[in-house]
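Those protein sequences? They're chains A and B, same order as listed.
So the first sequence is numbered by UniProt numbering: it starts at 1 and just counts up by one.
So the second sequence is numbered by UniProt numbering: it starts at 1 and just counts up by one.
Simulated from the structure, these hints should not be mistaken for laboratory data.
Treat the hints with care, since some could be wrong.
What the hints assert, rightly or not - Only pairs whose alpha carbons sit at most 30 Å apart, straight line, appear in this in silico BS3-like list of lysine-lysine:
{"hint": "1", "chain 1": "B", "residue 1": "K233", "chain 2": "A", "residue 2": "K196"}
{"hint": "2", "chain 1": "A", "residue 1": "K97", "chain 2": "B", "residue 2": "K233"}
{"hint": "3", "chain 1": "A", "residue 1": "K34", "chain 2": "B", "residue 2": "K84"}
{"hint": "4", "chain 1": "A", "residue 1": "K97", "chain 2": "B", "residue 2": "K196"}
{"hint": "5", "chain 1": "A", "residue 1": "K196", "chain 2": "B", "residue 2": "K130"}
{"hint": "6", "chain 1": "B", "residue 1": "K130", "chain 2": "B", "residue 2": "K233"}
{"hint": "7", "chain 1": "A", "residue 1": "K34", "chain 2": "B", "residue 2": "K130"}
{"hint": "8", "chain 1": "A", "residue 1": "K34", "chain 2": "B", "residue 2": "K296"}
{"hint": "9", "chain 1": "A", "residue 1": "K42", "chain 2": "B", "residue 2": "K130"}
{"hint": "10", "chain 1": "A", "residue 1": "K196", "chain 2": "B", "residue 2": "K97"}
{"hint": "11", "chain 1": "B", "residue 1": "K196", "chain 2": "A", "residue 2": "K130"}
{"hint": "12", "chain 1": "A", "residue 1": "K42", "chain 2": "A", "residue 2": "K130"}
{"hint": "13", "chain 1": "B", "residue 1": "K196", "chain 2": "A", "residue 2": "K34"}
{"hint": "14", "chain 1": "B", "residue 1": "K130", "chain 2": "A", "residue 2": "K84"}
{"hint": "15", "chain 1": "A", "residue 1": "K130", "chain 2": "B", "residue 2": "K34"}
{"hint": "16", "chain 1": "B", "residue 1": "K34", "chain 2": "A", "residue 2": "K296"}
{"hint": "17", "chain 1": "B", "residue 1": "K34", "chain 2": "A", "residue 2": "K34"}
{"hint": "18", "chain 1": "B", "residue 1": "K97", "chain 2": "B", "residue 2": "K42"}
{"hint": "19", "chain 1": "A", "residue 1": "K97", "chain 2": "B", "residue 2": "K34"}
{"hint": "20", "chain 1": "A", "residue 1": "K296", "chain 2": "B", "residue 2": "K42"}
Number of protein chains: 2
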Amino acid sequence: MQQLTDLLTSHGLDALWVSKPENVRYLSGFSTPKDGLVLLHKDGVLLYTDARYTVQAEEECFVPQHIARDIDVIRHARTLLEGKVVGFEADALMVNKLRQLDGLHAAQLVPTEGLLEGIRLIKTPEEVQKIREAQRIADEAMRHVLPMLKAGVREVDLALQMELYMRSHGAEDRAFDITVASGYRSAMPHGTASEKVIQEGELVTFDWGARYQGYHSDTTRAFPVGEISEELKNLYRHTHQALQLALQAVRPGAMTSDIDQVARGYLAEQGLAEHFVHSLGHGVGLAIHEDPRLAKFSPERPQFNVPLQAGMVVTIEPGLYISGVGGVRLEELVLVTETGCEVLSHAPFAEV
Amino acid sequence: MQQLTDLLTSHGLDALWVSKPENVRYLSGFSTPKDGLVLLHKDGVLLYTDARYTVQAEEECFVPQHIARDIDVIRHARTLLEGKVVGFEADALMVNKLRQLDGLHAAQLVPTEGLLEGIRLIKTPEEVQKIREAQRIADEAMRHVLPMLKAGVREVDLALQMELYMRSHGAEDRAFDITVASGYRSAMPHGTASEKVIQEGELVTFDWGARYQGYHSDTTRAFPVGEISEELKNLYRHTHQALQLALQAVRPGAMTSDIDQVARGYLAEQGLAEHFVHSLGHGVGLAIHEDPRLAKFSPERPQFNVPLQAGMVVTIEPGLYISGVGGVRLEELVLVTETGCEVLSHAPFAEV
Ligand SMILES: [Mn+2]
Ligand SMILES: [Mn+2]
């Protein structure tokens, strides 16, 4: 709580109106945070949710709850916030909801961004443990489904088997819609599994993860079915090399854009940089995509370029996509340690 | 397109900046609408999405696409919108995204709510067909899982089997997190399936649905395991009767609050009204919860009370929840017809 009180003080706030689901869950333990709101103020934390969740909120929350909705939430909060300086999350509050906050009367509303995300950057040992468990379940799912990968199988059936495995082995859900992208579809960086039938000679990208007690895992692998072309093998090997080089560069103090550049620079040397169309990685925790972002340095967004710190959990995921040819992405989930990084993902790699 | 142009004209808009995922999908066909935006203007419709989706958008969209993100979207849109009156969706645009729209310069930004939702209220025959298909798959899933319902089984395993069935029989996803709530957990209106083991003598609520080509189904049933108490039987029978009475009242011209009152009034006569803690129903389509809302008349929100019209698809779902005792909810999905309604859901009911 001291850390939270300091956060308010250092931003000149008396309170923070928390609507971003990950932050609501972080502060309260409420597992249906889209239907909740948290009021963080100097004397404590309060969860608002509605009557559908009375019993559930009692069971789950480690902070007091108040059951109300819409206008009644505002009426209740007004008694605590009148005349106060109240921050809100500009990237997690709809324009019409901000207008409702005018009902807080004499409160002064201040847009904020990234306050709680800054605290969530560094994972506690308890949080790392939940991410490890999510990753462990996901790794097992890959081992379970790999023998089913062969020509004639539909992408969507493999995705479903992975998800079924994860959810029947402790995951509360898939971390995101699973990608199984084969052949020409592997040229789509986000090719959620389709009804396409996998063919001999194709490379198949899997991007999957589990959610365990709110925390996510995230990994990508690519496997050939039968013999694949030299061109695809080449893409695979260069992606794999870019991944290894970037992993070796991860350590506390390294700038996120520099890690991105290690992979991007290597691919540029191979004449492939134009096919690496996304950034290198992202933080993972209560959100599947969170800070820090490992991306190319952008003069328009210099704030995204930050030094890595021990306790961050991030992905490293170079990828190459060539329309009409195919694509490859390989992704590891890593914990930044005092001396470098620990790779948390242990799913097998193809031999290409 | 004429209907869309008229919508703009009647609201004094030159264009509408569409960020609500359901509306993005409705206007473009793009199946990952959270990562897209639509610009609706008088000469046409344009989808913006980023380079991850180039191939997918080409495959799916029935409108032109422009690949860009963040500031580049604004730069592109500016050439079309300079000096124009541009509506945005106040209930689907984050406060910080609204600030980005200032980059449109001389455009005049106008908050709107419910514009496209008004068009989506009445389903076309093609839309009804997709909802029917989603419901058909969901009904089959209930028949598939019912033989597995017995003491000793975990809620979460039944939910997983239902979802697996739906997704391996044509559904693109579950419509929402499936509720399986047994015994004391049935007193939670939104008791997503837990690891609780189902016991003899419990009543078990299932609330589930499928998503098919973007369209949802939504149904609730409750089944006893072995012999249940007279108190639970009583709750079940009164909920069932409230459902039947409300269904009989559904017809074009009936006010949504009056349908709610048919169920609520019956339950009040039984002395049970205080346990019916939510509204009677909601529209279903590209969103699982959409307009119209079938709710108690609220003087603060008189606009929610509207006449039903043929072509609307709505749920009727009375429920009773008593903490420490248990609960029941029963839900049908119905199409409002010229003369009354057609019940689209055909999952079996318990005999209680
Ligand atoms: Mn990732
Ligand atoms: Mn419903």
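Results of checking the hints against the structure:
1. B/K233 with A/K196: 48 Å, violated
2. A/K97 with B/K233: Status violated; Cα separation ~42 Å.
3. A/K34 with B/K84: This hinted pair is violated, its Cα atoms lying about 35 Å apart.
4. A/K97 with B/K196: It is violated: about 36 Å lies between the C-alpha atoms, which goes past 30 Å.
5. A/K196 with B/K130: 21 Å, holds
6. B/K130 with B/K233: 35 Å, violated
7. A/K34 with B/K130: Answer holds: A/K34 to B/K130 is near 27 Å, not above 30 Å.
8. A/K34 with B/K296: Since the Cα atoms of A/K34 and B/K296 sit roughly 24 Å apart, the hinted pair holds (cutoff 30 Å).
9. A/K42 with B/K130: 51 Å, violated
10. A/K196 with B/K97: Roughly 36 Å between the alpha carbons, so the hint for A/K196 and B/K97 is violated.
11. B/K196 with A/K130: The given pair, whose Cα atoms are some 21 Å apart, holds under the 30 Å limit.
12. A/K42 with A/K130: It holds: about 29 Å lies between the C-alpha atoms, which stays within 30 Å.
13. B/K196 with A/K34: Distance ~23 Å between B/K196 and A/K34 Cα, so the pair holds.
14. B/K130 with A/K84: Answer violated: B/K130 to A/K84 is near 50 Å, above 30 Å.
15. A/K130 with B/K34: 27 Å, holds
16. B/K34 with A/K296: 24 Å, holds
17. B/K34 with A/K34: Holds, because 16 Å separates the two Cα atoms, which is no more than 30 Å.
18. B/K97 with B/K42: 23 Å, holds
19. A/K97 with B/K34: Holds: A/K97 and B/K34 sit about 19 Å apart, inside 30 Å.
20. A/K296 with B/K42: 38 Å, violated
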